[in-house]
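Novice: Let's have the full structure, built from the sequences with the hints guiding it.
The lines below spell out each chain.
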Amino acid sequence: MEIPYTVETRPDTGLHNCKLGIWLFLASEVMLFGALFSTYIILRTGAVEWPHGELNVWLGMANTFILIGSSVTMVMAWASLKLNDFPKHRLYLIATFVLAGIFLVNKYFEYADHITRGELPSHSTFLAIYFTMTGLHGLHIVGGMVVMAYFAGPGAKMWKTKPEQFSNRIEATGLYWHFVDLVWIFLFPVLYLL
Amino acid sequence: MHSDPAEVKQTIRRYMMVGAALFVGTVITVAANQVHLIVPLAITVALIIATVKGSLVAAVFMHLSHEKKWIYGSLILTVAFFLVLMMLPLLTTADHIGTPIHEPSPTAEAGHEGH
Numbered sequence: 000m001e002i003p004y005t006v007e008t009r010p011d012t013g014l015h016n017c018k019l020g021i022w023l024f025l026a027s028e029v030m031l032f033g034a035l036f037s038t039y040i041i042l043r044t045g046a047v048e049w050p051h052g053e054l055n056v057w058l059g060m061a062n063t064f065i066l067i068g069s070s071v072t073m074v075m076a077w078a079s080l081k082l083n084d085f086p087k088h089r090l091y092l093i094a095t096f097v098l099a100g101i102f103l104v105n106k107y108f109e110y111a112d113h114i115t116r117g118e119l120p121s122h123s124t125f126l127a128i129y130f131t132m133t134g135l136h137g138l139h140i141v142g143g144m145v146v147m148a149y150f151a152g153p154g155a156k157m158w159k160t161k162p163e164q165f166s167n168r169i170e171a172t173g174l175y176w177h178f179v180d181l182v183w184i185f186l187f188p189v190l191y192l193l
Numbered sequence: 000m001h002s003d004p005a006e007v008k009q010t011i012r013r014y015m016m017v018g019a020a021l022f023v024g025t026v027i028t029v030a031a032n033q034v035h036l037i038v039p040l041a042i043t044v045a046l047i048i049a050t051v052k053g054s055l056v057a058a059v060f061m062h063l064s065h066e067k068k069w070i071y072g073s074l075i076l077t078v079a080f081f082l083v084l085m086m087l088p089l090l091t092t093a094d095h096i097g098t099p100i101h102e103p104s105p106t107a108e109a110g111h112e113g114h
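These protein sequence lines map, in sequence, to chains A and B.
When you line the first sequence up against numbering that gives the first Met the number 0, it's residues 0 to 193, in that order.
When you line the second sequence up against numbering that gives the first Met the number 0, it's residues 0 to 114, in that order.
Residues on chain A that point at chain B, a partial pick, calculated with CB under 7 Å:
| # | residue |
| --- | --- |
| 1 | Thr12 |
| 2 | Val29 |
| 3 | Ser37 |
| 4 | Ile41 |
| 5 | Met60 |
| 6 | Thr63 |
| 7 | Ser70 |
| 8 | Leu82 |
| 9 | His177 |
| 10 | Ile184 |
| 11 | Leu192 |
Because the hints were derived from the structure by calculation, they are not lab data.
Quick reminder that beta carbons are idealized off the backbone N, C-alpha and C, glycines included.
Specialist: If you want it as structure tokens, here you go:
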């Protein structure tokens, strides 16, 4: 039995399964990160003092540039498929994967620096929320990289047999990736600057 | 599988412009932080810039500027519940359960102990 509406849109919603599915997933992700942002507000407003300048702003800024760049390459990967240019699509997808990797390497150096100075989550409320929020965000980066690696590698076969469905999958991957970028756009000022 | 090339190329130009705007927005956020504004103002400025950047990502990269009503519907619900989550911290300050309404005065307490 074939799953319906993988490519054609449902007459009632005007959407195919993939699009509605990824948006519902992203809605649950908004609540997940929302709970953490809410926790941050409780902890910060309840704190007698809040540390400033604990984090390396320039490294955070560099990571923001990297993630914005990766969002541009991701959307270009999808647009290349719309232009029927698969080699360019793969190039952009790999570029997104590499940028995500650079982001994680930067994060590793940042974490390593904190850990060697004994600044563990147990050290302060600020560090606890910092490691929790950036750690969860980092896990989302890893998840996105796994999906990208699949579509740049074995999953790319689908382009030859079901190009429309493959394009929809890349669009869903892109929506997820832009959401990860969007979360970082708020995490950066909240944790690094304020 | 392809769309109208001219239309896609125009969309790509929009993606590039939004990408550039996001880079500029990040620079402005950090520059505003270097000015050392008072904390409430600094928070307001940083969050306004972040909201503008986030809106650009959602509207253009995530194609929310021209989506179907079912997507908007699910997002409106999400935003409503997200706002409830953000308002939850207020409950911690408004919650007076367990707090004594009238504190007994020290003199009354001393008098009571004397009996």
